[in-house]
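**Student:** Sequence:
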Amino acid sequence: MARFAFVLACALALLSSSVASGAIVEHSFNVNNLTVTRLCKEQSITVVNGSYPGPTIRVREGDTLVVHVFNQSPYNITIHWHGIFQLLSAWADGPAYVTQCPILPGHKYTYRFNITGQEGTLWWHAHVSGLRATVHGALIIHPKAGRSFPFPKPYKEIPIILGEWWNGNVVDIENEGLATGIAPNISNAYSINGLPGDLYDCSQNQTYQVKVVKGKTYLLRIINAALNNQLFYKIANHNMTVVATEAAYTTPYITDVVVVTPGQTTDVLITANQHTGSYYMAATPYMSSNINFDNTTTRGIIVYENSTSSSPIMPALPNPGDTPTAHKFNTNITGLAGGPQWVPVPTNVDEHMFVTVGVNLELCPVNATCQGPLNNRLSASMNNESFQLPTNLSMMQAQVYNVSGIYTTDFPDQPAVKFDYTDSNISFDLSMIYAPKSTKVKMLKFNSTVEIVLQNTAFLAIENHPIHLHGFNFHVLAQGFGNYDPVNDPKKFNLINPQIRNTIGVPIGGWAVIRFTANNPGMWFMHCHLDVHLPWGLGMVFEVENGPAPWVLPPPPADLPQC
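Those letters in the sequence shown? Residues -22 to -1, 1 to 541, by mature numbering (1 follows the signal peptide of the UniProt record, and there is no 0).
Because the hints were derived from the structure by calculation, they are not lab data.
There's no promise every hint is true.
Said to hold, decoys possible - Straight-line Cα separation of at most 20 angstroms, SDA-like style, residue types lysine to any residue; simulated pairs:
(1) Lys415 / Phe471
(2) Lys306 / Thr229
(3) Lys415 / Thr387
Using the sequences plus the hints, can you model the full thing?
**Tutor:** Here's what the structure looks like:
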């Protein structure tokens, strides 16, 4: 009880001080279609305010952000503020049919929330179908006025948004895949800040460039906005120092390569300390499984002031299947214990969960033709429950108004059957690869601490799955390959200075252990951040109960969209 009271008092003090001291930062998002030329052809894409990527939002910790979204596109839309805690503002989180119904074409909705206890790089993106391929932008949170970074102030800050490009309408491509039961077409290119770079056709003049001054240090805010691919990122002849991941400071870590999974952000410092000239930055996929993927490379150019070089130096890039390099990077990041906004690891665990993640099959409907394995549809699940979103009411509206029939509260804490999760011999085990569709949540008491073992499986293909948790950061206690060992692997837990994230790339054929405190009432989505797997059902929802006042989910805003 004493621990609960202390944590609650700290949270209340943090929230009240942020609300009292911050400014109100207001933006308008006009969502519409824009015709652009990429890879030799014109393409109509959905964007915000006529730009791709969309506008960068800059706030300070403690500010209140107000964004008026006007949907002038032909598609339903929501905006998710990826990584924002949304303390007592769950109605602003944005996942369609979880916390709100979509904003219909011709309609509007205002997102309003406070930025509390976070500093660094996050981002915003559409949370309906594949629209986040082009509807996205950076969300940069600076320290409060008078406070500084826990590292030397950089000369300049530069957002680096890594994206994915299709020669086609991303909504139509996704729908075609869902209709046929197979994976949608792979992308045609990657991009840096919306530009594919000069390795692609017709793209010599569509290469991102940034000018630097020799001797100066720059803060690159790297965001992986790609839909389906993890990416390696390198700069020729330059080391990078990682100083933050997902708006959480890290112990400085020097590296020549950064690995970012879809949804993740990484802040790095680079110093322009090489000979005056020009140097390529490049991003190329890390694909750990034997499936079809876009095996191309995007690149931009760092140009030193007064450089006359016309031939930039290219970095040596890892091979797409270089799991040792990816794992080394992902396991060498540690949190900056005692630094700004640091939160110690909670030690008393109230809820233990073991959650399997993987690809499954769904039986082909009668009188339909399916092109997936065994003439069925591809599907996906957590604990063999393939998540299905409701369509006539958001789950949080059902929670607040006590509407039955929208979801059930029996998401399992562990899979119904224990098996050799990463044995490739189970890939087409017909007794296990079919997962039922359901809309199930896991109930959590307010302020309970939850520990989850995320275990990849070998169904159909052994993959790496990036798992994103809405509404909370979590500590990454450990990660490894094979099946999680409940006896020996807890001995590897970092309880002193683990990295803090909101998105974790669960290693290929492996596992990761995360821990978080459910200190915010509402409905919080946990799902795979590969766009191809989300509509297949790789997700679940936590329903966090109300706590003592004021930790009570407020009523929905008057302008909340209706289904």
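**Student:** If a hint holds in the structure, say so; if it doesn't, say that too.
**Tutor:** Hint by hint, here is what the structure shows:
Our distance criterion of 20 angstroms between C-alpha atoms is broken by Lys415 and Phe471, whose separation comes to about 34 angstroms. Of the supplied pair hints, the one linking Lys306 and Thr229 holds, its CA atoms being roughly 15 angstroms apart against a limit of 20 angstroms. With a C-alpha separation of about 14 angstroms, the suggested pairing of Lys415 with Thr387 holds against the 20 angstroms cut-off.
Violation of the numbered hints given earlier is confined to hint 1; every other hint is satisfied by the structure.
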